[in-house]
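Colleague: Sequence:
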Amino acid sequence: MSTLSMEDKRKAFYLAVTSFQGSEARWESRAQTGLNNAELLEALRYEIGIAGGRSGCRDKLNVSYQGAGLKIWASRAGRNCVVSDKPILQGEATLKMAREVFSIANPDEEQLDLFA
Numbered sequence: 001m002s003t004l005s006m007e008d009k010r011k012a013f014y015l016a017v018t019s020f021q022g023s024e025a026r027w028e029s030r031a032q033t034g035l036n037n038a039e040l041l042e043a044l045r046y047e048i049g050i051a052g053g054r055s056g057c058r059d060k061l062n063v064s065y066q067g068a069g070l071k072i073w074a075s076r077a078g079r080n081c082v083v084s085d086k087p088i089l090q091g092e093a094t095l096k097m098a099r100e101v102f103s104i105a106n107p108d109e110e111q112l113d114l115f116a
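If you count the sequence shown from 1, position 63 lands on 63 in our numbering, and the numbers rise without skipping.
Worth flagging that the hints you see were computed from the coordinates, not collected in a lab. Don't take every hint at face value.
Okay, the calculated beta carbon distance ranges per label pair [to be verified]:
(1) Asn-106 with Phe-20: 17 to 27 Å
(2) Phe-20 with Ser-103: 14 to 24 Å
(3) Ile-50 with Glu-110: 27 to 37 Å
(4) Lys-86 with Gln-32: 27 to 37 Å
(5) Ala-77 with Glu-110: 41 to 51 Å
(6) Asp-108 with Arg-76: 32 to 42 Å
(7) Asp-59 with Pro-107: 34 to 44 Å
(8) Pro-107 with Thr-3: 14 to 24 Å
(9) Arg-99 with Gly-22: 12 to 22 Å
(10) Ser-23 with Pro-107: 20 to 30 Å
(11) Ala-77 with Gly-34: 17 to 27 Å
Subject to a maximum C-alpha distance of 20 Å in a straight line, what follows is the list of computed EDC-like cross-link-like pairs (lysine to aspartate or glutamate) [said to hold, decoys possible]:
(12) Lys-9 with Glu-92
(13) Lys-11 with Glu-24
(14) Lys-96 with Glu-110
(15) Lys-9 with Glu-47
(16) Lys-11 with Glu-47
(17) Lys-9 with Asp-85
(18) Lys-9 with Asp-59
(19) Lys-9 with Glu-100
Quick reminder that beta carbons are idealized off the backbone N, C-alpha and C, glycines included.
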C-alpha cells in the first residue's frame, strides 16, 4: 500500500460524497445553513449510499466507499482496496473531513463572543 497524501485523502473523500447527480449543489446548500452532527451524518449516508466506488488507472485513485460506518478506502494500486486495506476515513473522521472540505458549521457548537 502506498502512502496517500492529505490531498489524495481529500480527493477520495470528495469523489465518495459527490457521486450522485446534484450532490455539489446539496453540499453548497448544507454549507450555507450549517448542520449539526446528526444532520451531517444523515447527509453523508445519503450521498455515500449503501456502497460504491470508482476505479482509477495508471496512478489514478481507486476509491471505494460504504455508508455503514461512513467508510472510505483509497489506493493507487490496481486492486480492490476494500479487501486489502484499512479505510482512510471512517466514522468521526469522515464527519470531520466533511466539515473541513465543505466548510460546514455546526450550529450546536456555541460560538464565543470575542468582543464581550
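Colleague: Next, verify each hint and record whether it holds.
Modeller: Hints, verified against the model:
1. At roughly 24 Å, the beta carbons of Asn-106 and Phe-20 sit within the given window of 17 to 27 Å.
2. Range check, Phe-20 to Ser-103: about 20 Å between beta-carbon atoms, so the 14 to 24 Å window is met.
3. About 35 Å separates the C-beta atoms of Ile-50 and Glu-110, a value consistent with the hinted range of 27 to 37 Å.
4. In this structure, Lys-86 and Gln-32 meet the distance hint of 27 to 37 Å, their C-beta atoms being roughly 34 Å apart.
5. Taking 41 to 51 Å as the suggested C-beta distance range, the pair Ala-77 and Glu-110 conforms, at roughly 44 Å.
6. Checked against the hint of 32 to 42 Å, the pair Asp-108 and Arg-76 passes, with Cβ atoms roughly 38 Å apart.
7. Checked against the hint of 34 to 44 Å, the pair Asp-59 and Pro-107 passes, with Cβ atoms roughly 41 Å apart.
8. Between Pro-107 and Thr-3 the Cβ separation comes to about 36 Å, which falls outside the hinted range of 14 to 24 Å.
9. Our hint of 12 to 22 Å for Arg-99 and Gly-22 holds, since their Cβ atoms are close to 21 Å apart.
10. Ser-23 and Pro-107 have their C-beta atoms about 22 Å apart, which keeps the hinted 20 to 30 Å range intact.
11. Our hint of 17 to 27 Å for Ala-77 and Gly-34 is violated, since their Cβ atoms are close to 38 Å apart.
12. This hinted pair checks out: Lys-9 and Glu-92 have alpha carbons roughly 15 Å apart, not beyond 20 Å.
13. As the CA atoms of Lys-11 and Glu-24 are separated by approximately 14 Å, the hinted pair is consistent with the 20 Å bound.
14. With a C-alpha separation of about 17 Å, the suggested pair Lys-96 and Glu-110 falls inside the 20 Å cut-off, and the hint holds.
15. Only pairs whose Cα atoms come within 20 Å are accepted, and Lys-9 paired with Glu-47 is accepted, the gap being roughly 17 Å.
16. Using a Cα cut-off of 20 Å, the hinted pair Lys-11 and Glu-47 holds, with the two alpha carbons roughly 15 Å apart.
17. Taken as a hint, the Lys-9 and Asp-85 pair is honoured in the structure, with Cα atoms around 14 Å apart against an allowance of 20 Å.
18. For the hint pairing Lys-9 with Asp-59, the CA-to-CA distance comes to about 14 Å; that is within 20 Å, so the pair holds.
19. Of the pairs offered as hints, the one joining Lys-9 and Glu-100 holds, with about 12 Å between alpha carbons and a cut-off of 20 Å not exceeded.
Of the numbered hints listed earlier, those contradicted by the structure are 8 and 11.
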